[in-house]
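Protein chains: 2
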Amino acid sequence: MAKKKDEGSRVRDALRITGELPDPGSAPVGPGKKPKALAKLGTAGERLSALQEALYAEGVGGGGRNVLLVLQGMDTSGKGGTVSHVLGLVNPMGVRYSGFKAPTAAERRHHYLWRIRKQLPVPGQIGVFDRSHYEDILVPRVSGLLSAEERRRRYSEINAFEKELTDGGTTIVKVFLHISPEEQLKRLKARLETPEKHWKYNPGDLEARSHWPAYQKAYADIFEKTSTGYAPWHVVPADHKWYRNWAVAELLIETLAELDPKFPQPDYDVDAELAKLKGVGVPA
Amino acid sequence: MAKKKDEGSRVRDALRITGELPDPGSAPVGPGKKPKALAKLGTAGERLSALQEALYAEGVGGGGRNVLLVLQGMDTSGKGGTVSHVLGLVNPMGVRYSGFKAPTAAERRHHYLWRIRKQLPVPGQIGVFDRSHYEDILVPRVSGLLSAEERRRRYSEINAFEKELTDGGTTIVKVFLHISPEEQLKRLKARLETPEKHWKYNPGDLEARSHWPAYQKAYADIFEKTSTGYAPWHVVPADHKWYRNWAVAELLIETLAELDPKFPQPDYDVDAELAKLKGVGVPA
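In order, the protein sequences belong to chains Y and F.
The first sequence begins at 7 in the numbering used here and counts up by one.
The second sequence begins at 7 in the numbering used here and counts up by one.
If we strip away everything but chain Y, and leave its shape as in the complex, we get (with noise of 0.2 Å):
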């Protein structure tokens, strides 16, 4: 049993973040290449899918549980096709997708904790958000308008915020998707090059470029203040697609394996329904 514990965090524990960020080229666990990635990413389907239909049967069932995958990460760093790859593997009915934006001016007048509280998973459900709470640390930052004291007020804010949700049956999956600035110029490229592409590109992605190295030195300094041991970051090397779909499948696959969600157990006697059921004709 130890051994099969160790197996099921592998490669949660391989990516956790303690200091420096592998290489976004890398692939520190699992799969190297391509074709062993896509292959894997097609078992993993099969296991996530049953695992979410017991986690959401465990709702169902009166259950308190729930997943919230966090997906951080710079533009084109592929938060989107995370989504679609990974989790367009499961039932649609069990995953709650909730992006955020640029709070609107009716959200600014709110906490910003206020608009993430009411996207929350519920029992049995898979939540993905695509930005997060932590975007309320990063871009007032790198603005410069965030002073040192409202930033420690956020850190303790947000782990406060994420205890509260482990506290309430949540398990939290925070993950940064890494990718390098070479692939980042490849990818707003390519989305200037495709007409089907244009919407997905933003002129203030420059802009937000133009600061990379303020943006790591705040994704540093985040994954330091809230890596904590109820909600640990992740760090997923971003630079191949094949490669961030496999991990965060995986992520997902350990977490859910170590949830070990059960089908509920019946509250109802199934022989005597059973029996009614004989006993039931066809309605004219």
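The hints are simulated quantities; they were obtained by calculation from the structure and are not laboratory data.
There's no promise every hint is true.
What the hints assert, rightly or not - Calculated pairs, DMTMM-like style, for lysine to aspartate or glutamate (alpha carbon to alpha carbon, straight line, at most 25 Å):
1. F:K195 / F:E213
2. Y:K282 / F:E189
3. F:K231 / F:E156
4. F:K124 / F:E59
5. Y:K268 / F:E199
6. Y:K192 / F:D275
7. Y:K192 / F:D277
8. Y:K206 / F:D273
9. F:K107 / Y:D273
10. F:K282 / Y:E202
What you are looking at is a predicted structure, and each value in this text was computed from that prediction instead of being measured.
Put chain F on the given structure of chain Y with help from the hints.
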């Protein structure tokens, strides 16, 4: 072009409810055998996915249109299976799933449309209602708790509500998954005989089944009173899961193809941005 238009609503026209329902085991339009239906669903997945991406992009670009799929049917008619097999074909980013169970005490203190309105899709999304506001006619009516006057009022309110949604840019696709009582009996039995399916069974299902003719009558009345030009009802014979999945996918494809969503025109100068990209270095 006239031919194309006709072809483009072939399935919707064939499945539109105008009077008598087709046999639940029949295939009134499209593939009549399982292998062909499965093959066609594979192709349908690509088309549906491409159309959904364009609708999503249109929404990001400021377009206001979306689609709302309303799934109704007796227990075991396959509402959940449809979501898994049909909506599972597209990017979860663009799907908003909402299941409506018996209203909670808190929900009952509001108008029955209150909780429905909170789950409406935003621009670019495909919303999916697994049961809907139609339950607020069906259940109280079969239970004898809905006066004729209140029933008329609800029809009127629902038609006005759906008109409002349509005016606001929503295309509503209402689908009745039509199963036979014989097929329901098989499916209920399978749920009781398979431990992993016990959670899907509810002793109340037999109670509802005992009112089968009353439900069919209530549905027939709903189809008559709420099949409007802007939000018609469709029937999908659902004794065969392969037919059901193919048919719902086609209804969505025809609907989306008619909307003909367009990738938005960029609101920036593509060439200027490309030129800027050329001058952009790799951050240190």
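Status of the hints after comparison with the structure:
For the hint linking K195 (chain F) to E213 (chain F), the alpha-carbon distance of about 15 Å falls within 25 Å, and the restraint holds. Among the hinted pairs, K282 (chain Y) with E189 (chain F) is consistent with the structure: their alpha-carbon atoms are about 17 Å apart, no more than 25 Å. Distance check on the hinted pair: K231 (chain F) and E156 (chain F) sit about 14 Å apart at the alpha-carbon level, within 25 Å; holds. Restraint check for K124 (chain F) and E59 (chain F): the C-alpha separation of about 24 Å stays at or below 25 Å, so the hint holds.
A hinted pair counts as satisfied when its Cα atoms are at most 25 Å apart, and K268 (chain Y) with E199 (chain F) qualifies at roughly 17 Å. Of the supplied pair hints, the one linking K192 (chain Y) and D275 (chain F) holds, its CA atoms being roughly 18 Å apart against a limit of 25 Å. The straight-line distance between the Cα atoms of K192 (chain Y) and D277 (chain F) is roughly 16 Å, inside the 25 Å bound, and the hint therefore holds. Between K206 (chain Y) and D273 (chain F), the direct Cα distance comes to roughly 12 Å. Compliance with the 25 Å bound is thereby established for this hinted pair.
Distance check on the hinted pair: K107 (chain F) and D273 (chain Y) sit about 18 Å apart at the alpha-carbon level, within 25 Å; holds. A threshold of 25 Å between alpha carbons decides the hint, and for K282 (chain F) with E202 (chain Y) the separation of about 20 Å falls inside it, so the pair holds.
Checked against the numbered hints given earlier, this structure breaks none of them.
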